[in-house]
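In the order they appear, the protein sequences are chains A and B. Quick note, the first sequence lines up with residues 1 to 264 if you use my numbering. Quick note, the second sequence lines up with residues 1001 to 1266 if you use my numbering.
FYI, nobody ran anything at the bench for these hints, they're computed from the structure. Careful: at least some of the hints might be erroneous.
As the list claims (entries may be wrong) - If you want the footprint, here are the derived chain A segments under chain B, 3+ residues with CB under 8 Å:
1. 32–46
2. 55–61
3. 85–94
To be verified - Residues from chain A that face chain B, not an exhaustive set, calculated with beta carbons under 8 Å:
4. V109
5. Y139
6. S142
7. G143
Even for Gly, the Cβ is constructed at its ideal location relative to N, Cα and C.
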Amino acid sequence: MANTEYHVSLHDLTHVFDDGRRSLTALSSVTIDVPPGQFTSVIGPSGCGKSTLLRLAGGLLTPSEGTALVDGEPPRKAQRAREIGFVFQDPSLLPWRTVAKNIALPLEVDHLERTRELPDLAELLDLVGLSEFRDYHPYELSGGMQQRVALARALAFNPTLLLMDEPFGAVDEITRSALRYELLRIWERHGGPAGRKTVLFVTHSVSEAITLSDRVIVLSGRPGRVRADIAIELPRPRTEEMEQTEPFLDYAAQLRRLLKEDAQ
Amino acid sequence: MSIQEFTQRSLRSILAYVAPPAVLLIGIVAFWEFYVDWRDISIIVVPPPSAVVERFFENPDFFWKEGGYTLYEATLGLMFGSSVAIALAVLMAHSKLAERTFLPLAIVIKVTPLVAIAPVLVIIFGFGTTPKIIVAALLSFFPTLINAMTGFRDVNEGAHSFLRSVHASPWQVFWKLRVPSAMPYLFAALKVTYPLALIGAVVAEWFTGDRGLGLVIFSANANLDTPTLFVAIGVLAITGVTINIVLSVIERRVLFWHESVRSTTT
Ligand SMILES: Nc1ncnc2c1ncn2[C@@H]1O[C@H](COP(=O)(O)OP(=O)(O)OP(=O)(O)O)[C@@H](O)[C@H]1O
Ligand SMILES: [Mg+2]
Chain A
1 MANTEYHVSL
11 HDLTHVFDDG
21 RRSLTALSSV
31 TIDVPPGQFT
41 SVIGPSGCGK
51 STLLRLAGGL
61 LTPSEGTALV
71 DGEPPRKAQR
81 AREIGFVFQD
91 PSLLPWRTVA
101 KNIALPLEVD
111 HLERTRELPD
121 LAELLDLVGL
131 SEFRDYHPYE
141 LSGGMQQRVA
151 LARALAFNPT
161 LLLMDEPFGA
171 VDEITRSALR
181 YELLRIWERH
191 GGPAGRKTVL
201 FVTHSVSEAI
211 TLSDRVIVLS
221 GRPGRVRADI
231 AIELPRPRTE
241 EMEQTEPFLD
251 YAAQLRRLLK
261 EDAQ
Chain B
1001 MSIQEFTQRS
1011 LRSILAYVAP
1021 PAVLLIGIVA
1031 FWEFYVDWRD
1041 ISIIVVPPPS
1051 AVVERFFENP
1061 DFFWKEGGYT
1071 LYEATLGLMF
1081 GSSVAIALAV
1091 LMAHSKLAER
1101 TFLPLAIVIK
1111 VTPLVAIAPV
1121 LVIIFGFGTT
1131 PKIIVAALLS
1141 FFPTLINAMT
1151 GFRDVNEGAH
1161 SFLRSVHASP
1171 WQVFWKLRVP
1181 SAMPYLFAAL
1191 KVTYPLALIG
1201 AVVAEWFTGD
1211 RGLGLVIFSA
1221 NANLDTPTLF
1231 VAIGVLAITG
1241 VTINIVLSVI
1251 ERRVLFWHES
1261 VRSTTT
């Protein structure tokens, strides 16, 4: 592992989707450095390239220009070391597998180095509160429960980096708010000896971003550029009551203003 | 749910599926019997159902045996045609070049009338089992190819990305994701191709027959033995229906997770 200050380094990332007939610039010169253990949210209008940014960071896409590094190396290296846990907007579970087997899926892909201790299945199920549902199939679960399975699946390798693309986008508002605090609890509890996991979290929700994050990055409309980079200096653990406090509301107003200016 | 309750429920659901078509069938047969009698239609033109049933029971073993040959040839042909189709589909799902290469050829096979191929096959392969298997294989090839190709590609985008993000090999993606995703398509194909393979075998027997229901139909027709002709058709129909029922039962077990099955069970 190269010795770098940052866990994730995105430098001057530009990404162009080109299928030969049309070309579309999704991101333009985006630079973001994320230190280890930081919870960073990325917020921005629809279509501004948030998912693209996450896929670049996770090595699912190769940037047209610029570099994406994880631990100072190309993300594919981190993939190989199973250092990356992805959660997508739609739970993307395998419907023919039970909850337990879905969570164990990444472990079946193993056969490479096991450099760190892996949480066992019971522990993971317990962590996301689904112990009783281990033998259920996804279609027997609610959307929120499915999303928790996806989270447990992403944690199966005990990765140091979590990439979450609007993981709660498809669930109702009440469940969504509950999941938010549950994620925080898991994140605070599920640290390794190396400390807490680094999280890159894409969201549309201003309050979600503030509640969860140490830092919120606002992207402009397409092509996405970094428009603002705001540190959220609220004490942890975060609580629901905090959402009514003045600093929280100030952050919310600031973010809304930034997003609105961009829409004009 | 108790065992008893379960049995009751499944009995009721079987009844719900079987009763309506059974009533319809009985109605048709009764009308047919009555009509033939009433209009005094010659047995050479249309035999009454009673004569057909009688003919069957004169020598049921004969019909089952000939049906068995046809089923055997059709099954071998189906397995052969489907295997080649699935193998090609794997290639085509992974490579646009393979798709561009093979798809036009596959379409040529699809649009070529089988009846035109059969005599050629006789010249090439003689009168044995081979030409029957080949006709059955050719008929089951195209639907399997198209469905398998669609199925292998129709994978959940997020699940695919997830597997890639943990560095799964293409091989693992294939077995853990593509194959299960393709199963609904393969079952749908099978429900079409098995009857097609049966038809293919019968048509081939017609031309090259030394045995099988195709030969029975051919010679009964030549001898104006209409009851035998009808029995052969009936045995063919029963075989087809049985195959479909068996496939549906297996499908319900294998695809318990798929919308197509779940939407009909509750
Ligand atoms: N595979 C692709 N091929 C072509 N264009 C793409 C592809 N993926 C994304 N795009 C385009 O890139 C732009 C950014 O897409 P992206 O999915 O990253 O946006 P997003 O910020 O995640 O949007 P949303 O908030 O709606 O999820 C969009 O205009 C989209 O149409
Ligand atoms: Mg997106």
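Quick rundown of the hints versus the structure:
no.: 1; hint: 32–46; verdict: violated (count 0)
no.: 2; hint: 55–61; verdict: holds (count 4)
no.: 3; hint: 85–94; verdict: holds (count 9)
no.: 4; hint: V109; verdict: holds (4 Å)
no.: 5; hint: Y139; verdict: holds (6 Å)
no.: 6; hint: S142; verdict: violated (16 Å)
no.: 7; hint: G143; verdict: violated (14 Å)
In this structure, the earlier hints numbered 1, 6, 7 are contradicted, and the remaining ones agree with it.
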